[in-house]
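Sequences are here, hints too, so could you generate the full structure?
Residue numbers (our numbering), protein chains in the order written: chain C, 1 to 258; chain W, 1001 to 1304.
Hints are computed from structural coordinates only; laboratory data are not their basis.
Computed from a prediction, not measured in an experiment: that's the story for all the values here.
Hints may contain errors.
[To be verified] To list a few chain C residues with every Cβ distance to chain W over 10 Å, as calculated:
(1) M1
(2) K17
(3) N27
(4) Q66
(5) E87
(6) T140
(7) T145
(8) A154
(9) L170
(10) R175
(11) K176
(12) G182
(13) P186
(14) G197
[Stated by the list, open to error] Residues from chain C that face chain W, not an exhaustive set, calculated with beta carbons under 7 Å:
(15) A81
(16) P90
(17) S117
(18) G131
The C-beta atom is built at its ideal place from N, Cα and C for all residues, glycine as well.
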Amino acid sequence: MATMTMLVDTSICIGCKGCEVACKQWNELPAEIRGFSGQSYDNTLSLSANTWCHVDFVEQGTDYTQDFRWLFVSDRCKHCAEAGCLEVCPTGAIYRTETGAVNINTDVCNGCQNCVSSCPFGVVSFDHDTGVVGKCTLCTDRTETLGREPACVAACPTDSLVWGSRSDMLALADRKRARIRGKGGPARVYGKDELGGLNVMFVLEDEPEVYGLPSDPVLPQTHVAQGYTFTAAGSVLLGIAALVSLRNRRVGAEDKEG
Amino acid sequence: MLPLQVSSWPWYYVAVYFFFGGIAAGSYLLAALTLVFGTPTRDRPLMRWATYLAAILVLVCPILLILDLGQELRFWRMLTQFKLLSPVSLGSWALLIFGFFAVLSSLIFLAEDGKWKIGASFLKRLPHGLLMRIGAFFGIFVAGYTGVLLSSTVIPFWNSNQLLGLTFLVSGLSTALAAVTLLLLWRGYHQVADNHNFHSLELILLGFEVLLVVWMVFQEGGDILLTSQFLFTFVVAVAVMGVLIPMIMLLVYRERAMPSSILAIVSLLILIGGFFLRYSVLEAGKASVGGAEHAMALIRMLIG
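Encoded structure:
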């Protein structure tokens, strides 16, 4: 099966949160009572183990009458080609599907939470009630089994969310960027090369950080070899320290015996 | 600040595991170092008790690790994978193998002393020196991998410091020496415990630790350790009680015998410092990420 990708065009998202609702509905995720946030028109605020899709509301400017704009982005797991969560999962519960999605087998996950701290996007979340982690599956049950598009994509009324083969989505993203730039606005495609390519790509109208996306996400496991090397080099130093301090004793003991 | 999330590892499992695992690995390493560089015949009680301590603690460690899981009964899933890039995966295997060596060494010591009868003649025939050398290698891994685990996450305070593995290894050996010293004093081996060469080893280890801890404070997010939030757990417990006072005491008694009471206090302080070092590193990492919700709120503030 070809790698499938979701394209999120933030320039035409109207912040209706239809994707959030569709995600909850299809995946039978329980509602979360989070209270009144006071942050824009958004009480969800972030993804969680039971909220796999979240429309982020970004308000730019303070004067509502002039120089003010809304930015919306429908956010979810990016299904990275180089996925920190997948690399680090010690049980093999996190796996890659035929279409490139990164999924969690919750019957295998033992809730060690190593993946939570390994996601550069802060997506993978631990559910204290079930004792396992949860996140977006890119609706693999719909896409791979039923041949349909993900629930959020199906619900999107403006086609801000589009689903298709990776090559088609790359071409579409470039066209969208060119169109926005043609109108004089700044635009960039996020997810083309980041972490080997994200299977959820974005057309953004501002810097990635504005949308809560790192501009240069790094696979955390790139540090592993360095960490072990420093530890090994240090253990040689410890050996020398032991040689110096413990060898003295042997000499001292011989002196005393002599 | 980006919406990163940090694992909600409770300190009473994870920091305690880091501490016990460090002592278990460190004491086995101490026994092996004594065997290779020291005077094994004279310091046999130290090697023996260090090995017993390693064996007991290495049996406690998996319990802490299992209790920390969200699904405790699925702990065995860890041992169905072998992933080079996953410190938790390698660490699980290393702990299993190290545990085997620590328990085996203890049984050999017990058999040699006539306190263990089952298979005693077989145990006594085993090449113990070689086994200890191999076991010590896994000990180094067990002591250090927890730091590498933290530094290969996305959490700023942890991943900015690639020396965390080494920091935990040095501290593991230092706390192990302190713990073994306490055990020796308890069992009446004062002369073995009050040995200037082990004191100088401890002094060197604490010296290393000073360098590594100063390095840690100067890494991204490390300044949090100097705030009031970590005043007791880091500044007082780690820097003053765990390092500064023991170093001064060891220097003061460098040329003369150290009374048992002083030696016991120094060892206890080193242990307290070692525990709070783990605690501080764990909690400072968690504090360096305010959680997704806080981060998003901050982004709104910055943009607004």
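Numbered hints the structure breaks, given as an ascending list: As far as the earlier hints go, 5, 15 are violated by this structure, in ascending order.
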